[in-house]
Structures are given as structure tokens and as C-alpha cells.
Amino acid sequence: MADYTSAELLTINAARLLRDGDVVFVGVGLPNLACNLARRTHAPNLVMIYEAGVIGAQPTRLPLSIGDPTLVSGAISVCSMYDIFALYLQRGNIDVGFLGGAQIDRYGNINATVIGDYLHPKVRLPGSGGSMEIAAWANRCYIITPHQKRRFPEKVDFRTSAGFLGHRREREAARLRGGGPQAVVTDIGILEPDESGELILSALHPGRTIDEAKENTGWDLRVSASLRFTDPPTETELNILRNELDPGRIYLRGGE
Amino acid sequence: MADYTSAELLTINAARLLRDGDVVFVGVGLPNLACNLARRTHAPNLVMIYEAGVIGAQPTRLPLSIGDPTLVSGAISVCSMYDIFALYLQRGNIDVGFLGGAQIDRYGNINATVIGDYLHPKVRLPGSGGSMEIAAWANRCYIITPHQKRRFPEKVDFRTSAGFLGHRREREAARLRGGGPQAVVTDIGILEPDESGELILSALHPGRTIDEAKENTGWDLRVSASLRFTDPPTETELNILRNELDPGRIYLRGGE
Amino acid sequence: MSKLMPLSEAIRKYVHDGDLVYAAGFTHLIPFAAGHEIIRQHKRNLVLARATPDLIYDQMVAAGCVRKVIFSYMGNPGVGSLRVMRAEIEAGRLEWEEYSHFSMISRLQAGASGLPFMPMNPTAAGDLERVNPNYRQVIDPFSGSPVVVVPPLKPDVAIVHVQRCDAEGNAQIWGIIGEQKEAAFAAERVIVTAEEIVDESIIRSDPNRTLIPAFIVDAVCHVPYCAHPSYTQGYYDRDNEFYLSWDEISKSRQKVQEYLDEWVFGVPDRSAYWEKLGPEVHRRLRVGERLSVPVNFGSY
Amino acid sequence: MSKLMPLSEAIRKYVHDGDLVYAAGFTHLIPFAAGHEIIRQHKRNLVLARATPDLIYDQMVAAGCVRKVIFSYMGNPGVGSLRVMRAEIEAGRLEWEEYSHFSMISRLQAGASGLPFMPMNPTAAGDLERVNPNYRQVIDPFSGSPVVVVPPLKPDVAIVHVQRCDAEGNAQIWGIIGEQKEAAFAAERVIVTAEEIVDESIIRSDPNRTLIPAFIVDAVCHVPYCAHPSYTQGYYDRDNEFYLSWDEISKSRQKVQEYLDEWVFGVPDRSAYWEKLGPEVHRRLRVGERLSVPVNFGSY
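As you go down the protein sequences, you meet chains A, B, C and D in turn.
What the first sequence shows, in the numbering used here, is residues 684 to 939, in sequence order.
What the second sequence shows, in the numbering used here, is residues 684 to 939, in sequence order.
What the third sequence shows, in the numbering used here, is residues 1308 to 1607, in sequence order.
What the fourth sequence shows, in the numbering used here, is residues 1308 to 1607, in sequence order.
Read the hints as simulated data drawn from the structure, not as lab findings.
There could be a bad hint or two in this list.
Partial pick of chain D residues on the chain C-facing surface, computed with a CB cut under 10 Å [to be verified]:
1. 1421
2. 1445
3. 1446
4. 1450
5. 1481
6. 1482
7. 1484
8. 1505
9. 1512
10. 1541
11. 1542
12. 1561
13. 1594
14. 1595
15. 1598
16. 1604
Distance windows between CB atoms, simulated [said to hold, decoys possible]:
17. A:905 to D:1449: 37 to 45 Å
18. D:1437 to A:855: 16 to 24 Å
19. B:704 to C:1352: 50 to 58 Å
20. C:1319 to B:704: 48 to 56 Å
21. A:903 to D:1595: 53 to 61 Å
22. C:1386 to D:1404: 19 to 27 Å
23. B:801 to A:850: 49 to 57 Å
24. B:704 to D:1448: 38 to 46 Å
25. A:855 to C:1386: 48 to 56 Å
Predicted model, so just to flag it, every value in this text is computed and none were measured.
Even glycine gets a Cβ: it sits at the ideal position worked out from N, Cα and C.
Next comes chain A alone, as it looks inside the complex (with noise of 0.2 Å):
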């Protein structure tokens, strides 16, 4: 079995869950790298989409930001920032989104917000972006974190953006098009949501246990009837990675 870091279990694993043919709201650094996996194994026909309006970028370098211009040269097409969001993401022609945030709760609603009260945070985060429209209206959402347990509380200090709210009938009440969040990829496994909405432990990365999933997360943290290993990252999969996506290993390095 290769070595591999924790950054690199990540992305694999988040790659695998693009389908060809997706049309992706693409993040900067993990989401933009496992997208480009996925383009390079299973799914060349992927449609990578930022934020900043561009449509099937071709970077020929990591880019920091999701403005960089190295997104842009070469592009598809690029609209404005109104366009990006509504007649793309709105629409509903956007049908995975990448999440990420400080928390992340037992019904996959995120806080990208603040720690604390909100008026008077104890630590003020960037706030929503993007977030609280990707998470409602992309077909599916992924998100991508460490798993520890301050990050995986029982409820969010604040609610950035949803997921099943407090149970999977609240969200379909709520009429929002797309439907929530599909998988949280950590470091020790995959969590899905059950029937009801709730996050469930679904999947361990190969040598991970259950017992340090459920110490690592912030409610009692339950474990589906067909829990499965990951396939560990292959050579394949590795090479590109470090090869041709992030040679300097600006993303990859990191145990985040």
C-alpha cells in the first residue's frame, strides 16, 4: 500500500464521487485538485465552473484564488458574478457543489460564520460566499474537512447554509432545489445522512476505526449497517496528484 498524506486521502476520495458529465462549482486548493483527478481518471467529461464566472478553465498552474487568471486565458466562457449564480447555480444547472466550513453538524448544516454569538463573536469567520446558495441549490454538495470534533459539533453555532436543517422533511418543507449535502470526506472516513438526514459514519479509510471516528465528532455519532472500507489510493491516482496537479505540493503537503 502507498504512503500517502492526509491532504491526498482527501482529494482521492472526494474525486471519486464525481460522476462524468457533472457540471462543478469548484473551490480553490482540495475541491479544485480532486476535480482535476476526476477529469484525469473517471470522468473526463467534467465541466469545472468558479465562482468568478468562468466556465471550463484550462490553469496551467495552481491557481491561489478562484479569480486567478490563469482560470480565465483559455476559458470556456466567463460571465458576470450575477450570471455565475443565477443562471447557473439557481437554475439548477449546477449539480455538485464543494462546502467547507469551521463547523459542520449532525444534519450536515454548516457555519462559515462566526464562533460564538453573533454580535459579539468570539471569532469572526469569512461568512457565507457563495456557501448558503451552493448548499441549497447544487444537486448534490460534498464537503471536504478534517475530522475533529470541535469541527463536528451536535449544532452549529450559527447556520451559514443547510443541510437537512433538523431533519431531511425540514429541508423538503423548505422547498430547496438541490439536495443537500451527499457525503462529508474526512481523514477517518466518509459520513453520509441517513433517511432522516442525519450524518451517518458510512465509510473508514483503510487502518481508521470506528472508535476514532466517534471520538472525533461532536454528537454521538452513528454507524450505517453497511459500512465499508475505502479502496486505498491508488499508484494511478497518487502519480497524477503529485505528478501533474500539484508538483510543488502547495495543496498536497499539508495533514489538512
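Starting from the structure of chain A, add chains B, C and D where the hints point.
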């Protein structure tokens, strides 16, 4: 005094109503000629905008339609139809709109939709196009029309676009952005709204009479206390029209 | 993945009897060839939507393809009336639904944006709002004043003619851009016809010009001169003479039928139609070159 | 009529204490030079609005120009936090008003369109709607369901950096076009800064690229390299190294002050700033040519 056609008279008097720097929503035909005449005389900084989405056209020939390619080549800007109506007209960026119609009533309301009943029309006209919005949102509107009794009924069969409704108070209550019709230029003279919004005779063209105006108006036309005569077309105005703007006399020949 | 196919195949596959069809273009780029192919294929009970129906809808109505029209200006631009549609409406044989330009285009904007409605400022022209129940009001929660709203328009199929696109359907338009983008995003299915099919690298050299991305496009058809008697900016002129002559033709239903027999049923496709127009028309509609000054996107 | 003037004059004339300022640009074309000039002129009590405040608002907050910020993502894109703004908010010294990206941009769209509000589909992320009273609901009269609406944003002044414009202010942008057009149309006053002032004929060669027409523009300033450390597509690269180093600088208020003293107060204008950056930075940010394939507008 020079000899001139009715169309030349209308065009020249319409041109004189335009001010330097005006941003004008232009239609084809006489309004187009009037704007170009104004630009070549007293209003060199007039900006011409076509509802097809063209700003600052420099046509090298007379366009048949407002979407003619000669309006586009060499224009300053082209935008979508939504933008031309939203960002330009609805936002309040249009100083002047030109309107026409089959019927114009006592309070400057216009019918361009049907003669007779809407569902079972005697005559089905083309309909609003942009005139519903132009009449409501341009700061000032001007109407160019032949002076005929059937065109000036007491009340229009169908209110396609708003003048002063039943009284200036009613237009104000409707909170329309624009100021409504400021003048109706006919081949007999000029009608302008009084303080109640009723169109009254404010000017006669040289040689025309109050009786002619009254006979050709479908309501009891009142006459302004400060009735004036318009200045006759000048040689300069006629020369520009005939030699530069419409040398083929496509629009200027007619009585209309 | 190439979506190239003949126009006849695209119409057969993606335009069905009873569909709400939006053939886009404000004066510019009106896809006449697609309208003619729809006539040739005897499609029936269509609902046709366009701000300005133009001659193409007059012809489709004359050919018996149409149950209903949705429009905001039913004229022959710069000429006068659309005589066939007008006569059918006056005779009570054609349904219609009517808007102003901005409310029509706002419906398309709502459809393209996935919104349940678009607001508009009041126009106080109450008669159209009275006869068309799609005009409704909401109260602006900030000012307490009433605001007019219209619902989304979501065509079953949009037909969009463009100057150039690649085989997948990434499409670029310049000149008057009307409502092509909005129509494509609002519709369930999209047929793109193009003057030129170009390599993806041409498209990628100028991404800001790409108004329609391939992944919302179903069919790509290479149809030079598709827009005649409308025009394609930079490719050929508007045939104003034909717009004037249609005013004569459409005074007589027999002449209209003769026109359809000769120019629609009498030709197999657009290339035959263009040939038939002859060298004098070709010469009259030819345009000289006036190129955009290139911009630098930079290599990063 | 030329509106050309030095940036210092434009800021003096059109940016007043207490103004709501929108310096546009999504990562691309952020008018840093204008922000620095505002700092040099000691403007006070400004309300700054931007979807992504970026470093420029962090610097203006640090310089004491700002009473309040309106934003949707308060981060150093791809790096992390905006430390100055964050500290000021956590300390209760800076007012703020917060949106998601789409509601922020919908506010600008409403402002640009002259609409009393823009609707959005529900997101069910009720907490932001609860803390910000500018999120309201109306009932969709077609479905009976609630719809979220936000009011127009109408800046007192918008500052927009562009690649090229003419002396009157007809402005062309390519690459990421973010919300420049909407900001300009929404604002009462518009300052355009440009990498290049070009002849009107260049603008007229490609009217589809002109996003901002001169008649809504108040001042035109020729400011090459205005956007550094942000970038201008085709002119120079984004200075990612500076974005990373600001994360270090902004850990210490003293270092921030030293930065302002040296790079803002220590230079009279942008050309001195650019000179001061030195040849190595110039070389690092230089970009090669990648031209758009021209299109033909035709001579008609």
C-alpha cells in the same frame, strides 16, 4: 419662407425639443431623423439609444428597422434587451422617449394595441413593444403624429401606455418614474399638457389656425393663453435633412 | 462530445407537436431556416413565443403549425403589420398572449434565472395588466408600494442562431445580443444553429464572447445563411427588400401559399434556398470587413 | 467631452466623507490605487461595500477611513482571514452588514436595474436572514410560496478599474467581469480608472465589449497598474506573494502602519508606487501575449 413637407415640419419641430446632452430612446423614421438633426445643430452631445440594445450608433445609411446592422457597426456599446430596458430605461437613465400610436387621448394616453374590443378587435395593431415602459419611465416623452380627428379621441380604446391617465394627479399617484408626455408634435401645431395633464394647443405652425386644430381633434381642444407660432423651418435645418440625413427622401417625402 | 447534426434531424428530435418554441433574436440572427424546417416537417399546435414575432412566425402561422403566439410587438419592423397573424387573430382563429417588451423579456429573465417571478416598476398602463392574468402584483416589503411581477417563461425548446460555435455547442454572438442567452438558459432543450463551426481554440481565445455554454445545448447545426432575410452581423446584410415585399405577399393568402410552396416546401434545406436566391441577392447582401481590435488575455 | 483628470482630483471631487463607496471587482481589477488615494486624502466615516472586501478594504479600515463594511465574504482569497477587519469587528469598533454572495450581488442588480427589490429562491439558511433585516419575504402570487427579497444597493460612488476606455469614459473590460457593470449603473457617481486611454475608434471597433457607457461616468483617470496586488487580465499578473505576505503584515498593527507609511503615505501616486516595487516585481508580474481571435462586425 422655404417650402417643406409635413414630415419635414414634424421632424424639425421634434428636433428642437431635444436638449444638448439628452439621452434619447430612438425609434426609426422621423424620431431617428429628428435626433440626428438635433445632433448636427444645437445638441452635438445627444446620445442615441435603440431598444435593440445599441448605444451611440453611427449609421452610415438610414436604418429600416431599429435592429439594423448599420446601427451596430461602429456603435459605442451593445447590450442585451434585458439590460437596455432595466439598466438604461427602468433605472432612469433615459431623458427622452419618442412615442407614436393609433390613438392619443385628451390626457396623452396612447393606444397602439387594438381598435375596438380587445378580445374581438376591429383592428389588431402591433401592440406595446417598449412603449408601455418608455411612456412610464423616460423623463420626458414626445409624440409625433399627423393631426387627425380619429387619432385624437376623447379616450383611447385601449391604454397601451400611460400619459396622465385621468388627471396629472393620477399619474403622480401611480409613482411613475418619468414625467409623462411633454409635447405632441403634429402637422398643425404642438399640444402640451396643462397643469391638469390635459393636452392643450400651445403652438401653431406658420399658416395654421386654431380652428383647424380644433376640427381635427376629437375632444374640445382648449387653447393655451400663451399660444405661439413655431418658427418656420430654416434653410439650415432643411438642408441637413435633405442633403445629409435622408437624401433618398425615404421618410421625408410623405405627408406623414 | 460533438453534437453536430443536420438541422432536419435536430428539428425532428427536439421540436415536438404542441411544444412552446422560442426562436430567439431581436431583429438580428432570427433562425429562419429552423422555422422553415419546422414548416416542412408539418409540426402542429406549437405555441410560439418571441418579443417580436417577425416574418418567420407569420410564415409558421400561415403554414398551420401554430396554436398560439406569445409576443410584445406583432409588427414587421419598420414596415408595418404582420398581416397573417393579424388576420388570424382578428378572425378568432389564433390564440395569443400579449406583453410589453420589458415584461416579455422579464419573463425570459425569470425563466433563465430559475426565479418564480421578476418584478418591474409600475407603468400604470392598466389595460394590458387587466387582460393578461400573468401580470400580478406583490407589495414591496420595503416601501409598502405595489410592484408588478410576471412569471417565468420556460420554453420547451429554444432555437438560437449564432455566428460561431464549436462542435459541442459553445456559442459566441456579437452585434445585437437581444435575448439569445436568456432564451437558451430558460429552455428545456436548446438547438444552436451557426454560421461557422470553429475549433474549440477559437472559442477559448475569447471566453467573454461565449454567451451559451455547451452543456446546456442539445444540438449543433451548421447552417450558413440561416437567418436570411434577417441577418448575421459581419456575415451578411438584412434583406430589407424582402421585408418590404412580404408586406405585399402577405396581403393575399394565395400568394403566401405560393411563397411557402416555392421557398419552403420547394427546397430541401437552407443551402438550396440560398442557391435559389441567386447571385444578385448574394451580391446585394454581401458585407465588407470591419474587424474588432483584438484584446490580450495574457498567458498565465 | 473628455473627463480625464488625475486620480487625486477624482477622489477629491467625487468621494466625500460618509459616502457609501463600492470599489468593484471580483478578485480581478480591484482598484487598489483608488483605495490608497482615499487613504492619503484622509476620508472618514466611509461605508465600504464589496462582495469580497479583499486587502484593499482591510487597508482602508486600518487607516481609519471606515465606519462600516457591507460584504458577503470577508477573506483574503485563498489565504485566510482579513485580520484587520476581523479584529475591528471582534472588538466592536467596526459596524458591518452581511450577505451571501448571491444576495449581495442581487442587491447590486436591483440597484442597477432601478428595481425596489430582487427576489431569490429560498436557501433555508435562516440565521443570516434573522440577523440582517434587509432580508425580507414576499409571497409569490403564482405559487403562494414565500420568496426571499433584498433591497437595492445604491452606492454614492462606484470605482471601477478597466483595461481600456476612451477619454469620455466608454469602458471595456474582459476576463472576469464580476459586478463592475452593475456597480456602475447602481451608483450615483462613477469613477473609471483605466490601464489605457484609447481612441474612441478602438472602443467602436468592438461595441459588445463596452460594459459601461460614458454618459454614466463622472471621471476618467489613466492609472496604469491601478489594480496591483490584484491584477488586470492581459496586462499584469496577480501578485499572490503579496496576498500571502499581507497575512503576515496584518498580524501586527504596527507592521500595518509601517506598510501604510511606506507604500501609501510614502508615495505620491500610483506611478511612484509601481516604480518603488522595483524591476524584480515588474518582471515577476509580466505576462505574455494571448490575443483574442478578432470578429467581423462588417461595414454596412
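Hint by hint, where does the structure go against what was stated? Just the numbers, ascending. 12, 22
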